[in-house]
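Sequences and hints are given; from them, build the entire structure.
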Amino acid sequence: MTPEELLKRLDAPLSLRKKVGYVALTLVGLAGSGLIVLLWATEPGLPPRTMVAFAVLVAIGLCWAAFGGWAVTRRTPMFAQDRVVAGWLGLGAWLLFTVGALVITTLRHKLAPSLVVAVLALGVLAIANLRTARRRRAALLRRKEELSQPRGR
Amino acid sequence: MADELLVVRCQLGEREAFAELVRAWHPAIERYVGRMLTGPDDDVVQEVWLAVFKGLPRLRQPDRFAPWLFTIARRAVMNRLRDGYAHPEPEAIDDVPGVDEAEAVVDRELLGRALAALPAREREVLLLFYLEDLPLEVCAQICAVPVGTIKSRLNRARKLLRRELARKGYEA
Numbered sequence: 001m002t003p004e005e006l007l008k009r010l011d012a013p014l015s016l017r018k019k020v021g022y023v024a025l026t027l028v029g030l031a032g033s034g035l036i037v038l039l040w041a042t043e044p045g046l047p048p049r050t051m052v053a054f055a056v057l058v059a060i061g062l063c064w065a066a067f068g069g070w071a072v073t074r075r076t077p078m079f080a081q082d083r084v085v086a087g088w089l090g091l092g093a094w095l096l097f098t099v100g101a102l103v104i105t106t107l108r109h110k111l112a113p114s115l116v117v118a119v120l121a122l123g124v125l126a127i128a129n130l131r132t133a134r135r136r137r138a139a140l141l142r143r144k145e146e147l148s149q150p151r152g153r
Numbered sequence: 001m002a003d004e005l006l007v008v009r010c011q012l013g014e015r016e017a018f019a020e021l022v023r024a025w026h027p028a029i030e031r032y033v034g035r036m037l038t039g040p041d042d043d044v045v046q047e048v049w050l051a052v053f054k055g056l057p058r059l060r061q062p063d064r065f066a067p068w069l070f071t072i073a074r075r076a077v078m079n080r081l082r083d084g085y086a087h088p089e090p091e092a093i094d095d096v097p098g099v100d101e102a103e104a105v106v107d108r109e110l111l112g113r114a115l116a117a118l119p120a121r122e123r124e125v126l127l128l129f130y131l132e133d134l135p136l137e138v139c140a141q142i143c144a145v146p147v148g149t150i151k152s153r154l155n156r157a158r159k160l161l162r163r164e165l166a167r168k169g170y171e172a
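Chains as they are written, first to last, in our numbering: chain C, 1 to 153; chain A, 1 to 172.
Derived from the structure by calculation, the hints contain no laboratory data.
Lysine to aspartate or glutamate pairs mimicking DMTMM-like chemistry, simulated, CA-CA at most 20 angstroms apart:
#, chain 1, residue 1, chain 2, residue 2
1, C, 8, A, 41
2, C, 144, A, 4
3, A, 151, A, 133
4, C, 144, A, 63
So, in structure tokens, the structure goes:
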């Protein structure tokens, strides 16, 4: 087997498009499930059939999120640049969830303090994740720069 | 140094660095796997590289890439050998063909067969120390044994290899 044949075989696990797809799937699944739970919690007197439908939708969203999370952590390696992209996607998903949560709660009811705390906690998590990814990438770029310098002076 | 830079570029996620890393180390891995399993095995080689790329983001010491790579390769080889226990390794072939071909080719072939006849542990240290030119400490790290054990295995491996070559009619 030549190196080129091997690289062709390794193409799928190293594909950036696939990785971004898995991360997006995870985040959309989580954000979607979260918004449905919010809708469920803020809507009084729902008929049992609607509750069942909501539960099924939440389960589907969580299944997609679990699959995406598994694929990202087990099937594909996440390199520094991938983690930064994933960090931005996470921040985007948080914004999406925040806007959805605000629309659902403020249009119908008063803004619950527990929801504000949860949204803020998720925001801090998303920012911390992005910050860590960017710092790791910056550290690697610095090391790359050092190693690229000609040695001995 | 060059390897470290390549590994750092891979950890960053540069596609071209992946290709360069594979081109630089694929022959060594293919040779090690082929010698240890007494025949080429593309699946094991692919398994090794897949594990390498999955583990690369977590590799804390990019300057220690070679020992880390061979540790992964060794694990894959041992798994395959364990799987193949039900079907023991073929016995060493006794009928050596006549020495009428180009001598270098014959020598290489003979050495390959003699190596194949050695037990896996002894074959492994010979490959890592002599063929891959790795220092004793690195061999010890890859095999997860003390340096003294590597030395005694090397000693035993040399004796076994000498005996095997003599049995096949090779005069040093």
